[in-house]
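Counting along the sequence shown from 1, when you hit position 55 you're at 110 in this note's numbering, and nothing is skipped either side.
Incorrect hints may have been included.
Cross-link-like lysine-lysine pairs, in silico, DSS-like; alpha carbons within 27 Å at most [said to hold, decoys possible]: (1) Lys324 to Lys338; (2) Lys378 to Lys390; (3) Lys251 to Lys313; (4) Lys313 to Lys332; (5) Lys364 to Lys251.
Label-pair restraints from in silico Cβ distances [unchecked claim]: (6) Lys390 to His367: 22 to 30 Å; (7) Lys457 to Lys379: 26 to 34 Å; (8) Thr489 to Lys364: 17 to 25 Å; (9) Arg451 to Ser348: 20 to 28 Å; (10) Thr382 to Ala335: 36 to 44 Å; (11) Lys464 to Thr357: 33 to 41 Å; (12) Ala408 to Lys331: 52 to 60 Å; (13) Thr357 to Ala252: 27 to 35 Å; (14) Leu266 to Thr235: 17 to 25 Å; (15) Pro362 to Ala449: 18 to 26 Å; (16) Leu407 to Ala335: 32 to 40 Å; (17) Thr382 to Val305: 41 to 49 Å; (18) Val462 to Gln530: 18 to 26 Å; (19) Ala408 to Ile241: 41 to 49 Å.
I should point out that these hints are in silico values taken from the structure, not numbers from a laboratory. Since the model is a prediction, treat every value here as computed from it, not as a measurement. The beta carbon of each residue, even a glycine, is placed where N, CA and C say it ideally should be.
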Amino acid sequence: MADEPSWDDIFAGTPSEKRTTTTSQRSGETADEPEQGGQPLQGGAAQSGQVSQSGQTPPVTPTVADPGPSRRDLRARREEEERRRGRAAPRKTERPKRAPQASAEAAAPPPTAPVERRRSRWRKPGTWILIAVLLIVVGGGGAVISTLYKQYAPGIQSLFGGEPDDDYAGSGNGTKVEFTIVSGDIGETIASKLAKAGVTKTSAATYSLLLANKEISFQPGTYSMFEHMSAQSAIDRLQSTSARITTKIVIPEGTTLKGIISLTASATKIPIAKVKKAAADYKSFDLPSNATSLEGYLFPATYELEPNKTAHAYLQDMVDEMKKRLTAAGVPESKWERTVIFASLIQKEAGLAADYPKVARVFQNRIDDGMLLQSDATVAYGAGTTDRVTTTDAERADASNKYNTYVHKGLPVGPISNPGEIAIEAAVKPATGTWVYFVTVDLDSGETVFSTTYAEHQKAVTQFQSWLRAHPEYQ
56 MADEPSWDDI
66 FAGTPSEKRT
76 TTTSQRSGET
86 ADEPEQGGQP
96 LQGGAAQSGQ
106 VSQSGQTPPV
116 TPTVADPGPS
126 RRDLRARREE
136 EERRRGRAAP
146 RKTERPKRAP
156 QASAEAAAPP
166 PTAPVERRRS
176 RWRKPGTWIL
186 IAVLLIVVGG
196 GGAVISTLYK
206 QYAPGIQSLF
216 GGEPDDDYAG
226 SGNGTKVEFT
236 IVSGDIGETI
246 ASKLAKAGVT
256 KTSAATYSLL
266 LANKEISFQP
276 GTYSMFEHMS
286 AQSAIDRLQS
296 TSARITTKIV
306 IPEGTTLKGI
316 ISLTASATKI
326 PIAKVKKAAA
336 DYKSFDLPSN
346 ATSLEGYLFP
356 ATYELEPNKT
366 AHAYLQDMVD
376 EMKKRLTAAG
386 VPESKWERTV
396 IFASLIQKEA
406 GLAADYPKVA
416 RVFQNRIDDG
426 MLLQSDATVA
436 YGAGTTDRVT
446 TTDAERADAS
456 NKYNTYVHKG
466 LPVGPISNPG
476 EIAIEAAVKP
486 ATGTWVYFVT
496 VDLDSGETVF
506 STTYAEHQKA
516 VTQFQSWLRA
526 HPEYQ
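All chains, full assembly: derive it from the sequences and hints.
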């Protein structure tokens, strides 16, 4: 509308100069200029309230400009006009905002597509939780909260904001990894090796958990692990015996040094020449001064082989075990050599476990009586024919064989096997009896006949020879 006030008029508080001029002009209109559709106006008298007597229009006296409608009137007028147009708007109590300038809009640069910003890690809830825990620790939360943080931080981070930067989540991706811990590995070394093997993401994640749980210990060995394991799950799996890949070596009682060398080379994949060389250096195993070889000092048992050890180290484990058993049996180190010789003889000659103390008594009685021991086992060992239990007349008469107890009195010059615990106990505590003879009459069952007189012994020998004829595979 032509009479609708402008925004400048509304905020100025008084009509604009243009409005004032229009009002003044209307005050000076004459009767000769009628308004369209109305009666002629009466000159300035119409404005001043006086009628001219001569009909002439007197000069218009300047008047004070009409201050115009107030802002409230203008607003009411505008609302009235809006209602007439059928789009009346609710009356607002807020002061209207100034309309933006067209020139500013034109000058504004065209809108550009928003640049997608990477979500900051600081906005993740898990990150803020970790920060809060750290603040508590710094502020005096103590060692307990610090320990809890190190233990559960990866889980909290994974729950609220994905896996932490220095750790994987879960127990691995299913790809197996053989991981080895050797003797002497410390926690920091194990943490570093786990990361290098691809089991864990960083060594720091694992090592921080180990520092927080110093009671954790590891056993040397090879373990079945997986790639991309969390530090906690990797530590837990290394504590589990089910994850351990065990390589074992079984040394039967009575096995000779030659046999143990072969078994060790086979189980450890170490060339047999290296094992023989290590065994030949028997003085490096801290044996008694009167020992002449490793024979007799390798305790027969089942051993779990730690990986990446030397042949000497594997043999040393067996020597250490024999020393423990001799000590447990009450044998002083000064008598170790005689005891292992005696026990090795009992081990090779006795059959049933119940007969070990009796066999020991027979040999001890013969020694006490100045008799030859006459053991076929000693002759066979000296002759290098340990694959059979019998000997020939020529072998029994061979004085060059230092182990020949048919010629040389007393115990043999050295052990003839590696005795087990029962043989050692029998050597230390022989049974009570007067026997000076014995012969095993049934090699399958181990039945043995003990005799006090030579005549009784001859009857037992005849019984054994009869059994041998029925079992030629033993000859």
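Quiz item: Which hint numbers does the structure go against, in order from smallest to largest?
Solution: Going through the list in order, the structure violates hints 3, 8, 10, 12, 15 and 17 and respects the others.
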